[in-house]
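J.: Protein sequences, first through last, are from chains C and H.
Heads up: the first sequence begins at 0 in numbering that gives the first Met the number 0, then just goes up one per residue.
Heads up: the second sequence begins at 0 in numbering that gives the first Met the number 0, then just goes up one per residue.
It is worth saying that the hints were derived from the structure and are not from the lab.
One should not assume that every hint holds.
As the list makes no split between identical chains, a pair holds if one copy fits it or if it spans any two.
Said to hold, decoys possible - Simulated crosslink set (EDC-like; lysine to aspartate or glutamate; CA at most 16 Å straight-line):
1) Lys218 x Asp250
2) Lys218 x Glu242
3) Lys188 x Asp69
Listed here are the chains, written in short residue letters.
Number of protein chains: 2
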Amino acid sequence: MKPRIAIDAMGGDEGVPVMLAGAALARHRHDSFKFLLVGDEPKIKAALDNHPNLRAASEILHAEDVVTGDDKVSQALRKAKTSSMGLAINAVKEGQASAAVSAGNTGALMGMSKLALRTMPGIDRPALAALLPTLKDTDVVVLDLGANTDCDAKNLAQFAVMGAAYSRIIFGFEQPKVRLLNIGTEEMKGTDELRDAAQYLRDASGLHMDFQGFIEADKINRGECDVVVCDGFSGNIALKAIEGSARFVTDLLRRAFTSSLRSKFGFLVSRPATELLRHHLDPNNHNGAVFMGLNGVVVKSHGSATSKGVANAVEVAARLVEEDITARIAQDLARVQIG
Amino acid sequence: MKPRIAIDAMGGDEGVPVMLAGAALARHRHDSFKFLLVGDEPKIKAALDNHPNLRAASEILHAEDVVTGDDKVSQALRKAKTSSMGLAINAVKEGQASAAVSAGNTGALMGMSKLALRTMPGIDRPALAALLPTLKDTDVVVLDLGANTDCDAKNLAQFAVMGAAYSRIIFGFEQPKVRLLNIGTEEMKGTDELRDAAQYLRDASGLHMDFQGFIEADKINRGECDVVVCDGFSGNIALKAIEGSARFVTDLLRRAFTSSLRSKFGFLVSRPATELLRHHLDPNNHNGAVFMGLNGVVVKSHGSATSKGVANAVEVAARLVEEDITARIAQDLARVQIG
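Using the sequences plus the hints, can you model the full thing?
T.: Written as structure tokens, this is what we have:
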């Protein structure tokens, strides 16, 4: 399927200019991509003057309204038929677009997507999946990252199937290594939900994954497994702890390097090395959290993503459409006996 | 009270030499410290030849047996009257020592301590508290870190009281800033347990803490608050995610710095700066996790701690005894109306 991506042009810290520059960059790399640009028509038209290549591949869908970062989910839902976010999702529902990309309010995007697209057959709850950097060349898929505070064993097993399908499509693994996030690796560790979910996955045969039991949070970034599955509360804690700790270490580093003239000099000499570090940790290289388990592809771009980050999110959305993520999930779901 | 510390001389990766070197270092810094050295008497006597200063302040209590890292809690409990760990804890119970320090098996230490010392009045469950580095000069106290997988609101409120008492004693804050770990800072975020615990703490007056609501995991190391309270599952996930992420960044850094001759040179020039980073992240400078809420002080030293780390753990134990942690917790407990 040729991807046609609906872009919520109004979302994100910078709105139209960055969202369109990102779409243009993705278009530049992929001739086959088409776009539906949703938002304030005059602003979009003006921004397209800088991107003739994107203009040739796009249609504009005017939206009166925007969902703001402060909108509660209930407020956002009232703008489902008028806002750029709502209309972008609706375009996926109506088949006018094959996927939607937004850098807007996460809670609102999740709430609207769930209501408009509904969960796919066999999935009880959608999950938010993101890519985190590892010591290897491929990223690790982590889900759920906050869509569901409490999860039962069934939800966790479904997340494993969804995460494995994501990893197969994006990194081409035939049997991604999947683990459940826990506070120890022994079989009896953790909650009943985790132990039961592990049992479901161990008992299933013919799954497109290599289920390897539990993983502890200090191993997430080692690259020893390809998919880490958790409830939304633990996932959010782990993701933010990782982000905060990485920032903490780089802050200490900056402080250390500016503490003396000698180390300032050393820093300048070794700048290519620290640039490499920055590149590896730059969230724009891992941008595009995916709402999985819906009848349609919705990708959340980070609010502060640059055009490179937005292009990344667009490419993730396109790959999931081209490789038919929904069908892949359905295949594996049929193989897990749950409940 | 003059602290007399029972040292489980057999625990930790290196056992007697490191444990005694650590005790000797603490003794060197504090003339008033006395020790009860528990373990294999011939080995302890031999090691004391290197530490005449420690010998003058110590008694030896011989133990036949040791708890190993592989022992399950049930196996360890059967060694309560014969192992160095069990006898060190028992010495606290019988008043022969005022605190115990062990670098042995955490689960066993927790299980034995709980059984021998029991929880103090008003505390339903003990918690494991540790110190994490921040961007400021003081560490943040985080608890629970794994003693309790599930916690109710009452447990969490009690942990807050215990953590605040710990922070007051170690860092001298009159009103430590206390927050509950959550996936958002708005009042309605998170689980019922978290919301109810926040309500208990907001409603209490005269507490020796400044309760400030919720904190997200990316802020733990910022130094914006002094105590972070969580259930043992979330705490373990957060702690390990922080450790893993810090190691990930420093691994990347090492890789980056050794990737070219130029950056190797830069690294050498700026070595004092990276040494400062290493110092700040070195767990030996933050060693000594405390089991809080028991009738007696038990401190867990990290298994791989150096003598400096062990000395740190001994000093933490001594401070908690000198400042009467149990009385301080009891004071605040009386002020929280729970349930």
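J.: To test your reading of the hints: which numbers does this structure violate?
T.: When the structure is compared with the hints, none of them turns out to be violated.
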